[in-house]
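Q: Two independent chains are provided; combine them into the complex using the hints.
Below are the chains, spelled out letter by letter.
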Amino acid sequence: MTLPIDDPCAKCEQMLQPFLDRELTQAERFEAERHLDGCAYCRKRYRFEEKLRMFVRMAAVEQMDPKLKVKLAALRTPL
Amino acid sequence: MAEGARDRVRFEEEALALADQVYSVARHLSGSKEEAEDLVQETFARAFRSWRSYTPGTNLRAWLMRIMTNLNIDRGRRKQRSPDTQPLEEGDYYLYNRLSDSISDENPQEDQVLRRLSQNDAVKALAQVPHDFRDVVVLVDLGDFSYQDAAQILDIPIGTVMSRLHRGRRILKQELADSVVESA
Numbered sequence: 001m002t003l004p005i006d007d008p009c010a011k012c013e014q015m016l017q018p019f020l021d022r023e024l025t026q027a028e029r030f031e032a033e034r035h036l037d038g039c040a041y042c043r044k045r046y047r048f049e050e051k052l053r054m055f056v057r058m059a060a061v062e063q064m065d066p067k068l069k070v071k072l073a074a075l076r077t078p079l
Numbered sequence: 080m081a082e083g084a085r086d087r088v089r090f091e092e093e094a095l096a097l098a099d100q101v102y103s104v105a106r107h108l109s110g111s112k113e114e115a116e117d118l119v120q121e122t123f124a125r126a127f128r129s130w131r132s133y134t135p136g137t138n139l140r141a142w143l144m145r146i147m148t149n150l151n152i153d154r155g156r157r158k159q160r161s162p163d164t165q166p167l168e169e170g171d172y173y174l175y176n177r178l179s180d181s182i183s184d185e186n187p188q189e190d191q192v193l194r195r196l197s198q199n200d201a202v203k204a205l206a207q208v209p210h211d212f213r214d215v216v217v218l219v220d221l222g223d224f225s226y227q228d229a230a231q232i233l234d235i236p237i238g239t240v241m242s243r244l245h246r247g248r249r250i251l252k253q254e255l256a257d258s259v260v261e262s263a
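Chains as they are written, first to last, in our numbering: chain A, 1 to 79; chain B, 80 to 263.
Next comes chain B alone, as it looks inside the complex (with noise of 0.2 Å):
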């Protein structure tokens, strides 16, 4: 085999190796699980086209991930431009309060309190997120990335990765709350 198929092939298997982290969050990137297949395919279609252009002992899946967001954003995926500022009125500690509120036992554990909120909860309020917080969440708390992987990964400042990812999470949470008060 020539030395390039072999740096070629190694590069394929490292990259599918990768293949159920990159779904998982492509997965809380698009709207579904079709979207989700679809963008995993164009994904490492584009990355076994361009393979050469990756850098042997980098991080790949970062670098894959860098694929994707673009793919995701060239899809036209996003209407909305420039995320919302306006300030949140709830805190941090909105979502245990509101949690904590209706259970009888007048000091719970923590336990007790995150047992108010199903998986499938969990999953539809992520979805609830807009694109641009959900982007930088679902990189960092789900994905494990670093700030500063995340910043190269979406090409934004890291302070824009921080503050979007602290209201991300703030917002995620405001849809935890209303998800238990509707299905109560």
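Looking at chain A on its own, in the form it has when it is part of the complex (with noise of 0.2 Å):
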């Protein structure tokens, strides 16, 4: 039987977010590089991730009700 960490892209499936994180040790980094450059299977994924991350931070953003803004301004303390 085979352990998943023995699958090297199971072991790179892993270290995705630390490794978009920036998180991973210098060791660890070459590892998954090394891993991704030969394999596009995993390549891809890792694009993907980077590519969602982005499109859920732009689908995220939502303008606020110019009246909110006028109402905060009126909590100020008057001069």
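Hints should not be assumed to be uniformly reliable.
[Stated by the list, open to error] With the C-beta cut set under 10 Å, the calculated list includes, among others, these residues of chain A facing chain B:
hint	residue
1	P18
2	E23
3	L24
4	R29
5	Y41
6	C42
7	K44
8	R47
9	K51
10	Q63
11	D65
12	L68
13	R76
14	L79
In case anyone wonders, no lab produced these hints; they're calculated from the structure. The beta carbon of each residue, even a glycine, is placed where N, CA and C say it ideally should be.
A: Quick look at the structure:
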């Protein structure tokens, strides 16, 4: 039986988030990069994750109602 | 104008300049637009009252977020105190695999896969992430706070920020995968 960690793609999958967060040690990052250089399967999923993060960030932006801004300004201490 | 009054006016102006960013985070911490608006108003009311406890030159945005997340917790928002820590079955490639499965092109580009998600799906999926995880995802991934800032804002250890962030993102991706299947 093979443990998942012996599967290089499974290991690369586990490094995805810390890799994009720049949290891996240098040795771990080299290991991930070496695997990514030779593995289109993982490379695609890493690129997808990067774009997904950007997409969620853009999708989540919501303008506030200008009326709320007026209400907030009214909360200031009068001079 | 007296010295103190001048400082206060400057503080109020700097705080108000951050209102859009504060609202954007509030919107995803709370369940609705109305709740978010209430939360932001309470946050600014409290900030303006306690402006003297802010140290000029420190991170005002983080200071406001700390007031806001505390208020949000005080409002009894969350029933579940300790987040569920059962292991998630799906890994980080799950969403990509699910989305690309139903594309006829055998070797789709990431953009093509990503286009299967709508903006609305993303907002709804985010709202499905349990609060304790969502707070961290919203602060770090949407609010651009560092782990250290998020730890201080939420008053939790940095290791907890990291584990909740990783788990929160995975839950978000599972929700996104489900949203596409449901709408298909």
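Q: Hints first: check each against the structure and report whether it holds.
A: Consistency of the hints with the structure:
1. P18: holds (8 Å)
2. E23: holds (8 Å)
3. L24: violated (13 Å)
4. R29: violated (16 Å)
5. Y41: holds (9 Å)
6. C42: At about 8 Å, which falls below the 10 Å cut-off, the nearest Cβ of chain B leaves the hint on C42(A) intact, so it holds.
7. K44: Since the shortest Cβ distance to chain B is 6 Å, the answer is holds.
8. R47: holds (5 Å)
9. K51: holds (5 Å)
10. Q63: holds (7 Å)
11. D65: holds (7 Å)
12. L68: Since the shortest Cβ distance to chain B is 5 Å, the answer is holds.
13. R76: holds (5 Å)
14. L79: holds (7 Å)
Figure legend: structure checked against the earlier numbered hints; hints not met, in rising order: 3, 4.
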